[in-house]
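Q: Chain A is fixed; fit chain B onto it per the hints.
In order, the protein sequence lines correspond to chains A and B. Start counting the first sequence at 1; every next residue gets the next number (the numbering used here). Start counting the second sequence at 1; every next residue gets the next number (the numbering used here).
FYI, nobody ran anything at the bench for these hints, they're computed from the structure. Hints are all accurate, no fakes.
Partner residues aside, some chain A positions facing chain B, computed with beta carbon under 10 Å: (1) F48; (2) F51; (3) D55; (4) H100.
Just so it is clear, the structure is predicted and the values come from calculations on it, not from any experiment. Positions of the beta carbon are idealized from the N, C-alpha and C atoms, including for glycine.
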Amino acid sequence: MNLMNCLILAFILFGIGVWGLIRRRHLVGMLISIELMLNAANINFISFAYFTAHDSTAGAIFSIFVFAVTACEMAIALAIIVNMYRRHHSLDVDQLRELHD
Amino acid sequence: MNYIVPDILLLIFPFIVIGSRLFCSTKSNIPWRIANVGCIAIFILLNFIPLANGNGVFFLSNWRVDDFGILMREVLMVSAILGIWLSKDYFEHSADGRPQLHQIAEFIGAIAFATFGGVVVVSACDLVTFFLGLEIATIPMYALTAWNKKDLIGSEAATKYILMGSVATAFELFGFSYLYGFAGSLHFTDIQSAVAAGPSPLLWIAVLFLFCGIGFKLTLFPFYTWAPDVYEGAPTPVTAVLSVSSKATAIAFLVVLVFGPLAPIQEQIAPLIALLAGTTLFVGNLGALKQSRLRRFMAYSSIAQAGYIMIALLGPATIAETAIIYYLFVYAVSNYLAFFVFAIIGHHREEIFASLKGLSKQNPSIAIALAISMFSLAGIPPLAGFFGKFHLFFSGASTGHYAIVAFAVLNNVIALYYYIQLIKSAWVDEPDGHLTPIRLTRRQRSVVILLSIAVVVLGFLPFLSNNIFSGFTF
Numbered sequence: 001m002n003l004m005n006c007l008i009l010a011f012i013l014f015g016i017g018v019w020g021l022i023r024r025r026h027l028v029g030m031l032i033s034i035e036l037m038l039n040a041a042n043i044n045f046i047s048f049a050y051f052t053a054h055d056s057t058a059g060a061i062f063s064i065f066v067f068a069v070t071a072c073e074m075a076i077a078l079a080i081i082v083n084m085y086r087r088h089h090s091l092d093v094d095q096l097r098e099l100h101d
Numbered sequence: 001m002n003y004i005v006p007d008i009l010l011l012i013f014p015f016i017v018i019g020s021r022l023f024c025s026t027k028s029n030i031p032w033r034i035a036n037v038g039c040i041a042i043f044i045l046l047n048f049i050p051l052a053n054g055n056g057v058f059f060l061s062n063w064r065v066d067d068f069g070i071l072m073r074e075v076l077m078v079s080a081i082l083g084i085w086l087s088k089d090y091f092e093h094s095a096d097g098r099p100q101l102h103q104i105a106e107f108i109g110a111i112a113f114a115t116f117g118g119v120v121v122v123s124a125c126d127l128v129t130f131f132l133g134l135e136i137a138t139i140p141m142y143a144l145t146a147w148n149k150k151d152l153i154g155s156e157a158a159t160k161y162i163l164m165g166s167v168a169t170a171f172e173l174f175g176f177s178y179l180y181g182f183a184g185s186l187h188f189t190d191i192q193s194a195v196a197a198g199p200s201p202l203l204w205i206a207v208l209f210l211f212c213g214i215g216f217k218l219t220l221f222p223f224y225t226w227a228p229d230v231y232e233g234a235p236t237p238v239t240a241v242l243s244v245s246s247k248a249t250a251i252a253f254l255v256v257l258v259f260g261p262l263a264p265i266q267e268q269i270a271p272l273i274a275l276l277a278g279t280t281l282f283v284g285n286l287g288a289l290k291q292s293r294l295r296r297f298m299a300y301s302s303i304a305q306a307g308y309i310m311i312a313l314l315g316p317a318t319i320a321e322t323a324i325i326y327y328l329f330v331y332a333v334s335n336y337l338a339f340f341v342f343a344i345i346g347h348h349r350e351e352i353f354a355s356l357k358g359l360s361k362q363n364p365s366i367a368i369a370l371a372i373s374m375f376s377l378a379g380i381p382p383l384a385g386f387f388g389k390f391h392l393f394f395s396g397a398s399t400g401h402y403a404i405v406a407f408a409v410l411n412n413v414i415a416l417y418y419y420i421q422l423i424k425s426a427w428v429d430e431p432d433g434h435l436t437p438i439r440l441t442r443r444q445r446s447v448v449i450l451l452s453i454a455v456v457v458l459g460f461l462p463f464l465s466n467n468i469f470s471g472f473t474f
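Pulled out of the complex, with its shape left as it was, chain A reads as follows (with noise of 0.2 Å):
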C-alpha cells in the first residue's frame, strides 16, 4: 500500500464516474456516478494527507468539508429531480428536449 497505489485507485474512481455519468441515461444513477467523482477526490486528498503532506490534518480536515458540501448539493439535486419527475413523469434524461437551439 503505497502512494500510487491509492492515486490509481482514485483516479479508477473518477474515470468510472465519469463514464457512469456519460453512459447512464437516468438522473438518480447521474447523481450517483458524480458521487464517486467526489468521493474519488476525498481518496486523494486523505492519501496525499497520509503519506506526504507536511500539514496532514488539512487533507482530513478538508475530506470532510467535502462530505457536508456535497450533502448539500445532493439534497438540492434531489428536490430539483423530484419536481422534475412531478412535471414530466420520467427521469430520462433524453427527456429533456424543450430546451435547445
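A: Then chain B, alone, in the frame of chain A:
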C-alpha cells in the same frame, strides 16, 4: 476589525430577511423593504473602507480583505441590489407566459447567500475556504433556477444546471487534491512557494483539472453548452443574477488563483488562457448570431464577454485586476440595463426579437435605454463598454500577447453585428399592430433612467478606472 463588518452583516442579512417572514403576512412588503435597506447599507459601508492598504488585512490568517476584494464586494453588492429590484415585479404577476413566483423573502435570501459566497471566494487564503466560497456561491443558484416549481422548462434548466455544476465541482476538487499533494499544504503562501520552487507533472495535472472545473462555471469554450439552456429556462431575474454575480465570482476565482498561488507559472499557463479566451469569444459570438429569443441571445453574449475578460488575465497583476474590476462594473450595469428592458417587454409580450418591433415609436425612452446598453456591451466609444474593453485589451497587450488581442478586436466586429441587429428591430422595423402596448411602473422607469445615466457617465469618466471609489472614501 472594521474591515470585516460588511462581511459579517452580509452573512447575517439573509437570516434577517427570511426571519422577518415569520412576523408578517404573506403579501406583506416588509421583507422586501428590509432587503433594500440592508443591501444598500452594506454597499455604502463598503465604500467607507479605504483602498490601497497594500497586502490587505488578515483575519485568522485565512480571511484577507484587500483592494481587489473590496471592489469585488462592491460589484457583487451592486449585482445583488439590482437583482432584487428586477425580481420584485415577478412576484406580483406572471410574465413571458410563465407562472408568477412566490416566497420573495427566501428568494432574496438565496441571492444574498450567493453574494456572500462570492465574498468568501475573494477573501479566501486557503483552499478549504476557497472551495467553500465557490460552493456557497453556486448552490443557491441551483435553487434559484428551479424557483418556479410549476414551470416545465424551469425544472429542466435546473436539472441541467445542477448536473453540470456538480461535475464542475468534482473536477475542481480533483484539481485541489493534486494541488494539495503537490504543495503539501492548503495555504496559498505555501502553495505559491512550492510552485515557485519548480513545477512538476502533478502541478500541470492540477492546473488542467482546475481550468476544466472553472471552465464550466465561467462558461469557457468546451464547457459552455449548459449556459444557453439554463439562461433561457431560469426566471428572468435569476438569469440576470446568474450572468453577473455567478460570472463575477468565477472570474474572481481565476484572478485569485492565477495571481496568487499560481503566479510563478503565469507565463507558462498564458497560452492555455489565451486559447480558452480566443475560442470562447469566437464561439459566443457565432452562437449569438442566429438567436431569436432574447434571454438565449444574452446567454451567448455573456459567453463572449467571459472570453473578453479572460484576455485581461494575461497581463501583469495590478493592470489585470484593475481592468477586470472596471469591466465587471461596466458589464454589470450594462447587462442589468438590458435585462430591465427585456423584463419590461416580457411583462407584456413574449421575450423574443419580434416583440421589439416599433419600440422607438411607442416607447422612445425604453428604445434609447436598449440602444445605450447594447452599444455599451458592443464597445462603442463614448460609452462605458468601450473603455472597459480597452483596459482588458491593454492588459493583455502589455505582456506582448498581440495576436489574441487582435483576434478579440476582429471578433468585436461580429459582436457589433448582432448587437446592432437587436437595435435594428427596435428602431427600424415597423410596429406590429398585434403587440400589446407597454406601460412602465415608477420603479421600472427610475431604475432604467439610473442605469442609463450610469452607463454613459462611467464611459465619460474613464479615469475612475484607476481607483473606482477612492473619491468617495473618507
